[in-house]
Amino acid sequence: AQTVTQSQPEMSVQEAETVTLSCTYDTSESDYYLFWYKQPPSRQMILVIRQEAYKQQNATENRFSVNFQKAAKSFSLKISDSQLGDAAMYFCASGGNYGQNFVFGPGTRLSVLP
Amino acid sequence: KAGVTQTPRYLIKTRGQQVTLSCSPISGHRSVSWYQQTPGQGLQFLFEYFSETQRNKGNFPGRFSGRQFSNSRSEMNVSTLELGDSALYLCASSLVGTDHEQYFGPGTRLTVT
Chain Z
1 AQTVTQSQPE MSVQEAETVT LSCTYDTSES DYYLFWYKQP PSRQMILVIR QEAYKQQNAT
61 ENRFSVNFQK AAKSFSLKIS DSQLGDAAMY FCASGGNYGQ NFVFGPGTRL SVLP
Chain Y
1 KAGVTQTPRY LIKTRGQQVT LSCSPISGHR SVSWYQQTPG QGLQFLFEYF SETQRNKGNF
61 PGRFSGRQFS NSRSEMNVST LELGDSALYL CASSLVGTDH EQYFGPGTRL TVT
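Just so you know, the protein sequences line up as chains Z and Y, in that order.
Under this note's numbering, the first residue of the first sequence is numbered 1, with each subsequent residue one higher.
Under this note's numbering, the first residue of the second sequence is numbered 1, with each subsequent residue one higher.
Misleading hints may appear alongside valid ones.
Stated by the list, open to error - Between beta-carbon pairs, the in silico distance windows are: (1) Z:E15 to Y:Q17: 43 to 53 Å; (2) Y:P61 to Z:R43: 41 to 51 Å; (3) Z:N58 to Y:N71: 12 to 22 Å; (4) Z:T3 to Y:R109: 32 to 42 Å; (5) Y:F60 to Z:T18: 34 to 44 Å; (6) Z:Q44 to Y:F60: 30 to 40 Å; (7) Z:Q44 to Y:G28: 13 to 23 Å; (8) Y:R55 to Z:S28: 12 to 22 Å.
Said to hold, decoys possible - In silico DSBU-like pairs for lysine-lysine, Cα to Cα no more than 30 Å straight-line: (9) Z:K55 to Y:K57; (10) Z:K70 to Y:K57; (11) Z:K73 to Z:K55; (12) Y:K1 to Y:K57; (13) Z:K70 to Z:K55; (14) Y:K13 to Y:K57; (15) Z:K55 to Z:K78; (16) Z:K73 to Y:K57.
If you are wondering where the hints come from, they were derived from the structure by calculation, not from laboratory data.
Using N, Cα and C, we set each Cβ at its ideal position, and we do this for glycine too.
Work the whole structure out from these sequences, hints included.
Right, dumping it as structure tokens:
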């Protein structure tokens, strides 16, 4: 069974600073995908970044980047130049092709301090 | 393009009743997935439908069922409601599946009394 673990229930960062959210996962699949989704307060969940496990290069999206360590089954999210609008619940998730369940981690609540 | 819509947004039901939730995906999206979100269990995958076929199912009892119509709209049904079914039910649509970006709806807040 797939599992996704986020060991930091809450984190805070000063505006304009950098923060890293941790995620580890476990899967027996050889072909899978990893995601970070963001759920702002009272707003809809949106995709932050997606990583294909077969790609060694770390995915980046503007201020968001990941550190994907496949052997260690680690998938951390780095947010650079944090903004007030980054405050949200961040979920790490694992999914794959047909036949694989989609699994979310428990989430990390990020606060951004002005 | 209109986003994912879910109806109703709020629902109060009594134990033992059944409920049907509806989800309209983004136009052109063929995959619809359902999730249950609770403070205790977090986000849990219920099932995914693609082209009217359930192709993936999470670890939920048979009381939870769903279907997808030819226009990709999906419904989720919960029979014999229990107090523990109180949750936010999220629907997400994707062009091809959960291995690609999913677009989430606002959710249906179900309260079972």
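Hints versus structure:
The hint said 43 to 53 Å for the Cβ distance between E15 of chain Z and Q17 of chain Y, and at roughly 48 Å that hint holds. Our hint of 41 to 51 Å for P61 of chain Y and R43 of chain Z is violated, since their Cβ atoms are close to 31 Å apart. Distance hint for N58 of chain Z and N71 of chain Y: a CB-CB separation of about 39 Å, inconsistent with the stated range 12 to 22 Å. Our hint of 32 to 42 Å for T3 of chain Z and R109 of chain Y is violated, since their Cβ atoms are close to 27 Å apart.
Checked against the hint of 34 to 44 Å, the pair F60 of chain Y and T18 of chain Z passes, with Cβ atoms roughly 39 Å apart. Look at Q44 of chain Z against F60 of chain Y: about 23 Å separates their beta carbons, and that is not inside 30 to 40 Å. The hinted window of 13 to 23 Å between Q44 of chain Z and G28 of chain Y holds, with their beta carbons roughly 19 Å apart. Separated by about 19 Å at the C-beta atoms, R55 of chain Y and S28 of chain Z satisfy the suggested range of 12 to 22 Å.
The suggested pairing of K55 of chain Z with K57 of chain Y holds, with an alpha-carbon distance near 27 Å, which does not exceed 30 Å. For the suggested pair K70 of chain Z and K57 of chain Y, the alpha carbons sit about 26 Å apart, so the restraint of at most 30 Å is met. In summary, the hint linking K73 of chain Z to K55 of chain Z is supported, as the alpha carbons are separated by about 14 Å, within the 30 Å threshold. Between K1 of chain Y and K57 of chain Y, the direct Cα distance comes to roughly 29 Å. Compliance with the 30 Å bound is thereby established for this hinted pair.
Using a Cα cut-off of 30 Å, the hinted pair K70 of chain Z and K55 of chain Z holds, with the two alpha carbons roughly 10 Å apart. Distance hint between K13 of chain Y and K57 of chain Y is fulfilled; the C-alpha atoms sit about 25 Å from each other, no more than 30 Å. A distance of roughly 18 Å separates the Cα atoms of K55 of chain Z and K78 of chain Z; the hinted pair therefore holds under the 30 Å criterion. With a C-alpha separation of about 24 Å, the suggested pair K73 of chain Z and K57 of chain Y falls inside the 30 Å cut-off, and the hint holds.
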